[in-house]
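K.L.:
Modelling step: build the complete structure from the supplied sequences, incorporating the hints.
Protein chains: 2
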Amino acid sequence: MEPIEKIWMKRYENEVLADIEDTVIKEYPLTIFLNGEELITLLCSPNALNYLAIGFLLSEGFAVVKEDILEIKTDETQGIIAVETRKKSELIKKLSGKRTITTGCGKGTTFYHVIDSFHSRIVKSSFEISPLEVLDLMKRFNKASELFQATGGVHSACLSDGKEIHLFHEDIGRHNAIDKIIGEAIWTGTSLNDKILITSGRISSEILIKAAKREIPMIISRSAPTNLVIQLGNELGITIIGFARGNRMNIYTAAHRVQC
Amino acid sequence: MEPIEKIWMKRYENEVLADIEDTVIKEYPLTIFLNGEELITLLCSPNALNYLAIGFLLSEGFAVVKEDILEIKTDETQGIIAVETRKKSELIKKLSGKRTITTGCGKGTTFYHVIDSFHSRIVKSSFEISPLEVLDLMKRFNKASELFQATGGVHSACLSDGKEIHLFHEDIGRHNAIDKIIGEAIWTGTSLNDKILITSGRISSEILIKAAKREIPMIISRSAPTNLVIQLGNELGITIIGFARGNRMNIYTAAHRVQC
Numbered sequence: 001m002e003p004i005e006k007i008w009m010k011r012y013e014n015e016v017l018a019d020i021e022d023t024v025i026k027e028y029p030l031t032i033f034l035n036g037e038e039l040i041t042l043l044c045s046p047n048a049l050n051y052l053a054i055g056f057l058l059s060e061g062f063a064v065v066k067e068d069i070l071e072i073k074t075d076e077t078q079g080i081i082a083v084e085t086r087k088k089s090e091l092i093k094k095l096s097g098k099r100t101i102t103t104g105c106g107k108g109t110t111f112y113h114v115i116d117s118f119h120s121r122i123v124k125s126s127f128e129i130s131p132l133e134v135l136d137l138m139k140r141f142n143k144a145s146e147l148f149q150a151t152g153g154v155h156s157a158c159l160s161d162g163k164e165i166h167l168f169h170e171d172i173g174r175h176n177a178i179d180k181i182i183g184e185a186i187w188t189g190t191s192l193n194d195k196i197l198i199t200s201g202r203i204s205s206e207i208l209i210k211a212a213k214r215e216i217p218m219i220i221s222r223s224a225p226t227n228l229v230i231q232l233g234n235e236l237g238i239t240i241i242g243f244a245r246g247n248r249m250n251i252y253t254a255a256h257r258v259q260c
Numbered sequence: 261m262e263p264i265e266k267i268w269m270k271r272y273e274n275e276v277l278a279d280i281e282d283t284v285i286k287e288y289p290l291t292i293f294l295n296g297e298e299l300i301t302l303l304c305s306p307n308a309l310n311y312l313a314i315g316f317l318l319s320e321g322f323a324v325v326k327e328d329i330l331e332i333k334t335d336e337t338q339g340i341i342a343v344e345t346r347k348k349s350e351l352i353k354k355l356s357g358k359r360t361i362t363t364g365c366g367k368g369t370t371f372y373h374v375i376d377s378f379h380s381r382i383v384k385s386s387f388e389i390s391p392l393e394v395l396d397l398m399k400r401f402n403k404a405s406e407l408f409q410a411t412g413g414v415h416s417a418c419l420s421d422g423k424e425i426h427l428f429h430e431d432i433g434r435h436n437a438i439d440k441i442i443g444e445a446i447w448t449g450t451s452l453n454d455k456i457l458i459t460s461g462r463i464s465s466e467i468l469i470k471a472a473k474r475e476i477p478m479i480i481s482r483s484a485p486t487n488l489v490i491q492l493g494n495e496l497g498i499t500i501i502g503f504a505r506g507n508r509m510n511i512y513t514a515a516h517r518v519q520c
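If you read the sequences in order, they're chains A and B.
Residue numbering for the first sequence is 1 to 260, as defined by the numbering used here.
Residue numbering for the second sequence is 261 to 520, as defined by the numbering used here.
Keep in mind that the hints were calculated from the coordinates and are not lab data.
Quick reminder that beta carbons are idealized off the backbone N, C-alpha and C, glycines included.
Please note that a few of the clues may not be correct.
Stated by the list, open to error - What follows is a set of in silico ranges between Cβ atoms, one per label pair, in the way DEER data are often shown:
hint	chain 1	residue 1	chain 2	residue 2	range
1	B	E327	A	Q231	31 to 41 Å
2	B	S390	A	T77	43 to 53 Å
3	A	R121	B	L330	40 to 50 Å
4	B	N453	A	S191	32 to 42 Å
5	A	K87	B	S386	26 to 36 Å
6	B	T334	A	E15	12 to 22 Å
7	B	V324	A	S126	19 to 29 Å
P.N.:
Structural data, given as structure tokens:
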């Protein structure tokens, strides 16, 4: 399957807004069934799916050597890969008591148990911002990330009303930095449905889902969104802005909130 | 807790190797207990731990509003945070049948069920490489990432013997790209214990663990490692090279494999 997709978006550059066709990366949900039981859904790029499933099972200890993998059946259109391994009981036993819930890096079930609720959660916020305000915020956001400047090893996230940076957090995990923002906002009673979420990392579906659950109307990143984020952003009415750097940005969805 | 740590490493720059004190980001395992039950271990930066736990529980649907959080007890030295929520049964019910295993983005239990096996898994490979070979490989590795050039949205990983790039994969997930490499290597009978793993992403403990399980002697990244990776790299005898770009690189552990 082609791992990229062509989409139309609005590019703002040096005070000019233009409709441009661009290429975005696909985000593909692959559900692994192990010996007939659903094991996990990985959000991945739709290529080398068999190697991904094998590598995942090896890394997680469900298989140790090639000979442990007896059979692999891939259904690309359904997004399902079924793997049969030997030493079934033994391998399952190894993981017993180690099960956990995750929003992990494109891994986990979050994707599924919220997707149903999307259609009833259109974000109707009348929040608006100008392109110059976005670019000025990004400059301040980038400056604020001292840990990153010190180590090059973290992601940062912030919550802003378009004028000021209200909450700012950093973490080695993209998802953690945003959970820290959401946690502080809810704990301190800071409203989210009239604010922008800014992240240093890629915008994947799980990032969008965290924002959608709190009805945050706009996500801005200096990095890229996936095709799934653009699809969901359109469905949910959430403004997605990527590659906001220097004098430019790409507006992928709900562009009416960006007023030139 | 201070989220960064000072370490000593060797910096190679313009054909000169020097011992330099540098700052690296801390990787901190935080185990969340929900209503007395162990829920998950997040690998995170050790600040705003209460907000991280609250945000995670909110994002995962264990809590919906602030009032659902009845009590939070944080034990920084133990890396434990215990949260009491109301509507216990109901909240747990919501997640039933959705439990899964993960290597997720610094999230999950992988960290724990392999850490025990570390001390018996010292990597003794006699593999060696010169700094110029490393930098030449990085140039070819960066060129090879066409998806990234097309979309800016993926990570890439490759397996090399120090001269050639044998396996190359890309994915929206750092972990997925490396699982694709390991999966293909095992499936095609490509040896791993005499090869280098190169990644475009940060080197976190879970990336090191994937390599350690296959006795890969060296990991190279154009990005940063965490303090935990440096600690484990020293214990396991795995060479960790970060910020390999242009004419420079940082050698954090097992520097004997880099021969000037």
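K.L.:
Of the numbered hints stated previously, which ones are contradicted by the structure, given in increasing order?
P.N.:
3, 4 and 6
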